[in-house]
Amino acid sequence: MPELATASSADGTAARWCVIGRDARGGWGAVELAPDGARSAAVSIALDRLADFVEQRERAASLRWVWHDTARQYAPLLAAGVRVERCHDLRLCHQILRHAGSVGEPAQLRGAPEWNAPPEAATAPVAPPADAPPTLFDVVAEPRRSRGVPDGLAEALDEFDRQRSALASAREPGRLGLLLAAESAGALIAAELSAAGVPWDVDEHDRVLSEALGPRPAPDAKPARMLEVGAMVRRELGSPDVPLDSPPRLLRVLRAAGIEVDSTSQWELAQHEHPAIAPLLHYKKLARLLTANGWAWLDEWVRDGRYRPLYVPGGVVTGRWASSGGGALQIPRQLRPALRADPGWTLVSADVAQLEPRVLAAMAGDRAMTEAGAGKDLYAGIVESGAVATRQEAKLAMLGAMYGATTGESGRLVPRLRRAYPAAMDLVDEAAAEGARGGWVSTWLGRSTQPPGQEWEHVQSSASMPDATGRDEAAARRAARDRGRFTRNFVVQGTAAEWALCWIADLRQRLAAFAPVEVSQAARASGPIFSRRPHLAFFLHDEVIVHAPVAHAVAVAADVRESARAAGLLLFGDSAVEFPLDLRIAERAAKE
DNA sequence: GGTGAAAGCGCG
DNA sequence: AAAGCGCGCTTTCACC
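Take 1 as the starting number for the first sequence in the UniProt record's numbering and just add one per residue.
In short, the hints are calculated from the structure, not lab data.
Treat the hints with care, since some could be wrong.
Calculated pairs, DSBU-like style, for lysine-lysine (alpha carbon to alpha carbon, straight line, at most 35 angstroms) [to be verified]:
(1) 376 to 395
(2) 284 to 395
(3) 285 to 222
(4) 395 to 285
Label-pair distances were calculated between CB atoms; the ranges are [stated by the list, open to error]:
(5) 248 to 512: 26 to 36 angstroms
(6) 46 to 107: 30 to 40 angstroms
(7) 408 to 272: 17 to 27 angstroms
(8) 270 to 337: 25 to 35 angstroms
(9) 512 to 243: 32 to 42 angstroms
(10) 292 to 56: 42 to 52 angstroms
(11) 554 to 375: 56 to 66 angstroms
(12) 273 to 380: 47 to 57 angstroms
(13) 437 to 273: 42 to 52 angstroms
(14) 246 to 437: 24 to 34 angstroms
(15) 516 to 409: 45 to 55 angstroms
(16) 554 to 43: 43 to 53 angstroms
(17) 365 to 415: 20 to 30 angstroms
Where is the CB? At the ideal position from N, CA and C, for every residue including glycine.
Could you build the full structure based on these sequences and the hints that come with them?
Below is the structure:
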């Protein structure tokens, strides 16, 4: 699996790194590093020759590009039709190494604050005009730190040295190195996903909207169906002007009508009997659809038959991706029919069945839980083992175990899992205890939590002062429990994110190996790199969608499964834990 | 008039 | 007033 190898690649060839960045004269510079540390002389590249240079070197040698920020560096290359196989993203890797508890000598890295930049959206923030007079706020506040990271070649070389030293000092450099490679591969994939886009059927989307809301209304007008349903709510409440879109005011009206709710959220409304409730819930559904994914969203985010959200790799503390713009993390199931392959192509969709519990079973080496998930639905396996009575109970108990539920039905079921799967439960319980103590925990590959903030420490120390009140002590216990739930979930969610990165990184390489097909007119919307081969089109935590020529669909599906197997092997070796997929090949493509 | 918090709800 | 983790986005409303 060459993609994820670091120090040397698994295909037997010595890995070489090519570090690139801006040179002192404003052009580009490149320096190649051999595994033994030998450096080539710096090569200068004219501004407009960078894409050519990268393509040439990529073809000539097995390289890992080292650059400051994939989000900024790779998008222009993709636009120029250049794909790269591997990279090392200095910004993302810095974030991981800086906080990794297993790094023995982090001091040098932590002494390079300019690389400690938070993930940012692909669109650069608008800088204030340089000639604007400083406001009072500017004078009082700390100097504004640059939001980006240095993009110079010299800085990149220095930072790469620091990162290699830090990695070498880690307790398990192999694992942490794998994480750095996986994270960087994820950054490449995120850029490629935005470039390729999700094939999106605007007519189907419009049909879903019209069916629910009525025809598209004039700008600033409410759709017909919303007006009708709103009128029903008003009639049932006996009030001509119910403020449907303002929760605080709606709450007052509901209480005046005798509906004793404390909020206007749907789960609470659903618990009351009143003729106004059904239409009100209906109205809220419609309003949500309209504002979140209505015609305005369609106009803004879908162009040329492609939905192009922005992904933020490493944007979540656990290592999951975040998104910024386009709402890729929250496409409602209702709109899934709008994901539609181009003519002659199809969508291969897969999601992992119960990824997080399976990851937990593998981490903990829990044989009973592994057995419960072998060859079948994990929750069904838990029921078979006799721990709980129904699949629903198994799911509720498992989520409660991983999230730290203490009350309600979920909390009530957790002790049964503790008896049936002590190894798995010990692992999450220990992670929670460590977090509650103020300590740090790590994922399987070594992504660590940051230490608790000053506020948290302050609450804890206040509670141990001689004059601490009962209230102080309660607040400290609550904060400790809160952090414990976070660290409990961190180890599982974060390791699941690592598994998923390995899965899609492996799959990406397999897809790139497909023989190219003739380009169809529609497929060109994916851009020069993606219109001739199967390519990733969507990724969300534990599911993936591949856009593929129909002729390749079955082979792609096999690769998706094979990559899942490879990810399990890469992370957990010969652990018996299986990662079964729910996999579908879409039947309908767009009309010719 | 712009900003930020909170409510509410969509996703895993 | 969600119980129980992690997010983003839209809207309203209080405030400067």
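Right, here's what the structure says about each hint:
no.	hint	result
1	376 to 395	holds, 14 angstroms
2	284 to 395	holds, 28 angstroms
3	285 to 222	holds, 14 angstroms
4	395 to 285	holds, 26 angstroms
5	248 to 512: 26 to 36 angstroms	violated, 53 angstroms
6	46 to 107: 30 to 40 angstroms	holds, 39 angstroms
7	408 to 272: 17 to 27 angstroms	holds, 20 angstroms
8	270 to 337: 25 to 35 angstroms	holds, 26 angstroms
9	512 to 243: 32 to 42 angstroms	violated, 54 angstroms
10	292 to 56: 42 to 52 angstroms	holds, 45 angstroms
11	554 to 375: 56 to 66 angstroms	violated, 22 angstroms
12	273 to 380: 47 to 57 angstroms	violated, 36 angstroms
13	437 to 273: 42 to 52 angstroms	holds, 47 angstroms
14	246 to 437: 24 to 34 angstroms	violated, 44 angstroms
15	516 to 409: 45 to 55 angstroms	holds, 54 angstroms
16	554 to 43: 43 to 53 angstroms	holds, 45 angstroms
17	365 to 415: 20 to 30 angstroms	holds, 22 angstroms
Against the hints set out earlier in the document, violations occur for numbers 5, 9, 11, 12, 14.
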